[in-house]
Amino acid sequence: MSRRVALEASHAVAEAVRMADVDVIAAYPITPQTHIPERLAEMVANGELNAAYIPVESEHSAMSTCLGAAAVGARTFTATAGQGLELMHEVVYVASSMRYPVVMAVCNRALSAPLSVWGDHSDAMAVRDTGWIQVFCQNGQEAFDLTLWAFRVGENPKVLFPVMVHLDGFTLSHVTEPVILPEQSEVDKFLPRFQYPFALNPDKPMTHGAFGPPDIYSETKLAQEVAFRKSKEVILQGWKEFGDIFGRYYHPVEEYKTENAETLLLTMGAFTETAKIVIDDRRDKGEAIGLISLRLWRPFPFEEFRRIVKGARLLIVFDRCISFGLGGPVFSEIRSALYDEEPRPKVVGIIGGLGGRDMSEENFDYVINRGKEIAEKGSDRMLETVGIR
Amino acid sequence: METKAVKFGGKLVTTKEFLAEGHSFCIGCGEALAIRLAMKALGENVIMAMATGCDEVTTTPLPYTSWRVPWMHTLFENTAAEISGVEAGLKILVKKGRMPEKNIICVAMGGDGATSDIGIQALSGAFERGHDFIYICLDNEAYMNTGIQRSSATPYGASTTTAPAGKFSMGQATRKKNMVAIAAAHDIPYVATACPSYRFDLMKKVRKGAELKGPAYVHILSPCPTGWRYGTDLAIKIGQLAVQTGIFPLYEIENGRYRLNADPPKLKPIEEYLKLQGRYRHLTAEQVQRIQQMVNEDYAKLKEKVKASPL
Numbered sequence: 422m423s424r425r426v427a428l429e430a431s432h433a434v435a436e437a438v439r440m441a442d443v444d445v446i447a448a449y450p451i452t453p454q455t456h457i458p459e460r461l462a463e464m465v466a467n468g469e470l471n472a473a474y475i476p477v478e479s480e481h482s483a484m485s486t487c488l489g490a491a492a493v494g495a496r497t498f499t500a501t502a503g504q505g506l507e508l509m510h511e512v513v514y515v516a517s518s519m520r521y522p523v524v525m526a527v528c529n530r531a532l533s534a535p536l537s538v539w540g541d542h543s544d545a546m547a548v549r550d551t552g553w554i555q556v557f558c559q560n561g562q563e564a565f566d567l568t569l570w571a572f573r574v575g576e577n578p579k580v581l582f583p584v585m586v587h588l589d590g591f592t593l594s595h596v597t598e599p600v601i602l603p604e605q606s607e608v609d610k611f612l613p614r615f616q617y618p619f620a621l622n623p624d625k626p627m628t629h630g631a632f633g634p635p636d637i638y639s640e641t642k643l644a645q646e647v648a649f650r651k652s653k654e655v656i657l658q659g660w661k662e663f664g665d666i667f668g669r670y671y672h673p674v675e676e677y678k679t680e681n682a683e684t685l686l687l688t689m690g691a692f693t694e695t696a697k698i699v700i701d702d703r704r705d706k707g708e709a710i711g712l713i714s715l716r717l718w719r720p721f722p723f724e725e726f727r728r729i730v731k732g733a734r735l736l737i738v739f740d741r742c743i744s745f746g747l748g749g750p751v752f753s754e755i756r757s758a759l760y761d762e763e764p765r766p767k768v769v770g771i772i773g774g775l776g777g778r779d780m781s782e783e784n785f786d787y788v789i790n791r792g793k794e795i796a797e798k799g800s801d802r803m804l805e806t807v808g809i810r
Numbered sequence: 249m250e251t252k253a254v255k256f257g258g259k260l261v262t263t264k265e266f267l268a269e270g271h272s273f274c275i276g277c278g279e280a281l282a283i284r285l286a287m288k289a290l291g292e293n294v295i296m297a298m299a300t301g302c303d304e305v306t307t308t309p310l311p312y313t314s315w316r317v318p319w320m321h322t323l324f325e326n327t328a329a330e331i332s333g334v335e336a337g338l339k340i341l342v343k344k345g346r347m348p349e350k351n352i353i354c355v356a357m358g359g360d361g362a363t364s365d366i367g368i369q370a371l372s373g374a375f376e377r378g379h380d381f382i383y384i385c386l387d388n389e390a391y392m393n394t395g396i397q398r399s400s401a402t403p404y405g406a407s408t409t410t411a412p413a414g415k416f417s418m419g420q421a422t423r424k425k426n427m428v429a430i431a432a433a434h435d436i437p438y439v440a441t442a443c444p445s446y447r448f449d450l451m452k453k454v455r456k457g458a459e460l461k462g463p464a465y466v467h468i469l470s471p472c473p474t475g476w477r478y479g480t481d482l483a484i485k486i487g488q489l490a491v492q493t494g495i496f497p498l499y500e501i502e503n504g505r506y507r508l509n510a511d512p513p514k515l516k517p518i519e520e521y522l523k524l525q526g527r528y529r530h531l532t533a534e535q536v537q538r539i540q541q542m543v544n545e546d547y548a549k550l551k552e553k554v555k556a557s558p559l
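Chain order of the listed sequences is H and F. Mapped onto the numbering used here, the consecutive letters of the first sequence carry residue numbers 422 to 810. Mapped onto the numbering used here, the consecutive letters of the second sequence carry residue numbers 249 to 559.
Worth flagging that the hints you see were computed from the coordinates, not collected in a lab. Cβ atoms here follow ideal geometry from the backbone N, Cα and C, with glycine treated the same way. Warning: the hint list may mix true and false statements.
[To be verified] Here chain H is said to cover these stretches of chain F; the calculated rule only asks that three of the stretch's residues, wherever they fall, bring their Cβ under 8 Å from a Cβ of chain H:
#, segment
1, 290-298
2, 303-311
3, 362-373
[Unchecked claim] For lysine-lysine, the following PhoX-like pairs were computed, each having C-alpha atoms within a straight-line distance of at most 25 Å:
#, chain 1, residue 1, chain 2, residue 2
4, H, LYS706, H, LYS731
5, H, LYS697, H, LYS678
6, H, LYS625, F, LYS350
7, F, LYS523, F, LYS485
8, F, LYS259, F, LYS415
9, F, LYS343, H, LYS610
10, F, LYS523, F, LYS425
11, F, LYS344, H, LYS625
12, F, LYS350, H, LYS610
13, F, LYS456, F, LYS551
14, H, LYS625, F, LYS523
15, F, LYS549, F, LYS425
16, F, LYS264, H, LYS625
17, H, LYS678, H, LYS661
Could you put the whole structure together from the sequences, leaning on the hints where they help?
Structure below.
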């Protein structure tokens with residue numbers, strides 16, 4: 422029988438890693454990620470988890486150690502946040518290009534300077550082009566579920582890509598919530614053993630990581646892109662099977678009260694749940710408004726996204742990051758994804774929730790009101806923001 | 249695992265080559281020879297991680313490879329972290345019964361830049377954590393792969409493209425970073441220097457480092473005809489002179505105990521070593537004298553350590 426327990430979201434991630442019977446964990450502590458490696462180290466120390474816990478000397482080495490472990494066929498996990506993700510950036514690229522299915526939880530954090538340990542999506546946006554499958558969580562249950570699912574999808578021999586599970590620093594990572602934990606037997610049914618087809622072994626010598634001269638580099642990158650886009654089939658299949666076993670179904674774009682919605686608000690991550698309260702309120706008052714949340718950030722779910730927003734007249738995109746000189750990165754991607762669509766909603770973008778700045782219901786009310794205003798009259802501001810003085 | 253061996257110079261050496269022919273090392277490269285010998289000493293029951301550098305780009309242009317053993321490369325500065333993962337991964341998979349115990353030797357290799365500059369943090373971390381692996385530093389005393397730029401391992405007085413000799417410059421004005429001492433400061437079980445001119449000594453040390461439990465570090469001086477600017481037939485001779493003049497002594501530190509492996513009764517003058525190499529061509533007599541003085545001091549310090557080591 423599954424159990425419903427109170428768990429901090431970070432510990433829910435650790436619990437999923439334990440139930441996945443991970444082999445190697447290499448991690449370096451950074452706020453707000455610390456509760457994940459701490460809990461895992463504790464599990465290994467207590468014998469609750471039979472794994473190698475490697476307390477490396479940096480995030481760069483955390484990811485590098487994961488690559489070495491994955492290369493010999495070990496199931497590997499790491500977690501980081503903000504600056505840590507930035508420090509390991511070049512290794513993050515290598516993981517996907519070398520098809521090592523590492524799973525990493527990222528407790529999203531702002532980037533220096535000024536130093537901020539608090540949450541936003543700047544770290545996630547800085548790694549959006551690294552070739553990792555990336556998903557965003559809204560709550561502790563999703564943090565557990567998607568971590569488990571990440572191993573299953575990444576390690577699939579048709580996929581072999583690393584998977585990043587984003588959970589908002591503090592506003593999700595440090596929140597204690599009820600989480601349903603499944604039976605180990607159910608987990609084992611969902612998650613087969615990792616059988617890496619290219620494991621380094623003296624019995625069958627292989628070369629990993631030869632360099633790409635100009636006459637072959639382009640072909641390797643195209644092959645990677647083709648394989649990466651194809652991974653979506655396994656991503657969807659993984660979610661279907663997850664739902665069939667555990668009863669919770671996930672989708673590339675999550676919809677909330679989108680039926681006949683003229684206006685749609687788009688969010689990612691934990692603030693989605695706050696926004697839902699505002700949507701409820703407005704729906705009660707008869708407003709044709711709904712909410713969509715991007716669950717799958719990479720590979721970008723063009724098909725589902727276009728289908729869902731097709732009937733709306735206005736799409737308001739809420740970003741927790743500034744791409745300097747451009748605006749909201751999610752907003753610009755969304756607008757680009759819709760450019761060829763006919764009909765398409767008008768798309769406006771508003772930025773907020775930076776460096777741990779809270780987003781209240783009132784703030785989301787402002788986002789919606791201001792979004793509608795911009796759609797009608799246009800904007801004369803350089804950048805549309807919310808909750809910023 | 250047993251392969252055919254031939255009697256050569258009184259020793260048994262495998263006839264197998266694990267670094268295959270067809271690589272693109274420069275003619276007369278001391279590093280290629282060092283790797284070839286090290287691989288013979290290690291055998292085929294290995295997994296290798298190699299840093300970006302000469303040895304990586306000369307052996308693995310996609311879709312080709314010169315490696316007859318399992319080999320991986322990802323980046324420049326992370327090789328020691330990578331081998332940490334290999335070692336920990338193998339260990340836990342054996343422990344969990346997912347693979348048979350085969351006592352695979354974990355080997356990491358990198359150049360002097362990958363070791364004493366950009367990769368020193370990852371290496372220090374791996375030493376401190378005590379992974380069971382051997383790290384081989386192939387020291388050709390500059391960033392040769394990118395075109396002879398200075399590193400912290402470039403010796404005093406050598407001219408490189410980023411610390412060139414000139415009207416106001418003697419080339420490298422700093423002393424070579426003592427990477428061997430840094431490795432030894434981690435109190436790891438085995439640290440040694442080697443040079444391909446002394447092939448049996450080199451193979452013996454690599455083997456010993458691989459067999460000992462815990463981290464081992466072997467620092468190999470790898471003469472570079474391209475960067476040091478000498479004739480392509482001189483690598484062996486230059487390596488011999490490096491040892492005979494005392495600028496690169498052959499020694500090992502086993503569990504803290506120092507031992508000199510070649511201790512000539514009288515060191516040759518350093519000039520004999522310097523004058524064969526274009527990188528030192530600009531040095532004045534005074535500067536050569538200064539280098540001689542440094543060599544004498546360093547050698548004396550080393551002998552003190554040997555003397556202080558219990559037998």
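Quick rundown of the hints versus the structure:
Proximity of the segment 290-298 of chain F to chain H, defined as three or more residues with a beta carbon under 8 Å from a beta carbon of that chain, is established by the 5 residues found. With a cut-off of 8 Å between beta carbons, the segment 303-311 of chain F has 6 residues touching chain H; three or more are needed, and the interface restraint holds. Counting residues of the segment 362-373 of chain F whose beta carbon lies closer than 8 Å to any beta carbon of chain H gives 4, which meets the minimum of three for the stated coverage. With a CA separation close to 24 Å, the supplied pair LYS706 (chain H) and LYS731 (chain H) stays within the 25 Å bound.
Annotation: proposed proximity of LYS697 (chain H) to LYS678 (chain H) holds, straight-line Cα distance about 9 Å (limit 25 Å). Restraint check for LYS625 (chain H) and LYS350 (chain F): satisfied, since their Cα atoms lie roughly 14 Å apart, inside the 25 Å limit. At most 25 Å may separate the alpha-carbon atoms for a hinted pair to count; LYS523 (chain F) and LYS485 (chain F) meet this at roughly 12 Å. The hinted pair formed by LYS259 (chain F) and LYS415 (chain F) fails the criterion: a straight-line CA distance of about 51 Å is larger than 25 Å.
For the given pair, LYS343 (chain F) sits about 23 Å from LYS610 (chain H) by alpha-carbon distance, which is consistent with the 25 Å threshold. For the given pair, LYS523 (chain F) sits about 23 Å from LYS425 (chain F) by alpha-carbon distance, which is consistent with the 25 Å threshold. Proposed proximity of LYS344 (chain F) and LYS625 (chain H) is supported: the alpha carbons are some 22 Å apart, at most 25 Å. Distance hint between LYS350 (chain F) and LYS610 (chain H) is unfulfilled; the C-alpha atoms sit about 31 Å from each other, more than 25 Å.
For the proposed pair LYS456 (chain F) and LYS551 (chain F), the alpha carbon gap of about 22 Å is at most 25 Å, so the pair holds. A hinted pair counts as satisfied when its Cα atoms are at most 25 Å apart, and LYS625 (chain H) with LYS523 (chain F) does not qualify at roughly 47 Å. As the CA atoms of LYS549 (chain F) and LYS425 (chain F) are separated by approximately 15 Å, the hinted pair is consistent with the 25 Å bound. Note on LYS264 (chain F) and LYS625 (chain H): the hinted pairing holds, with a Cα-Cα distance of about 16 Å set against a maximum of 25 Å.
The straight-line distance between the Cα atoms of LYS678 (chain H) and LYS661 (chain H) is roughly 22 Å, inside the 25 Å bound, and the hint therefore holds.
Hints 8, 12, 14, counting from the list given before, are not met by this structure.
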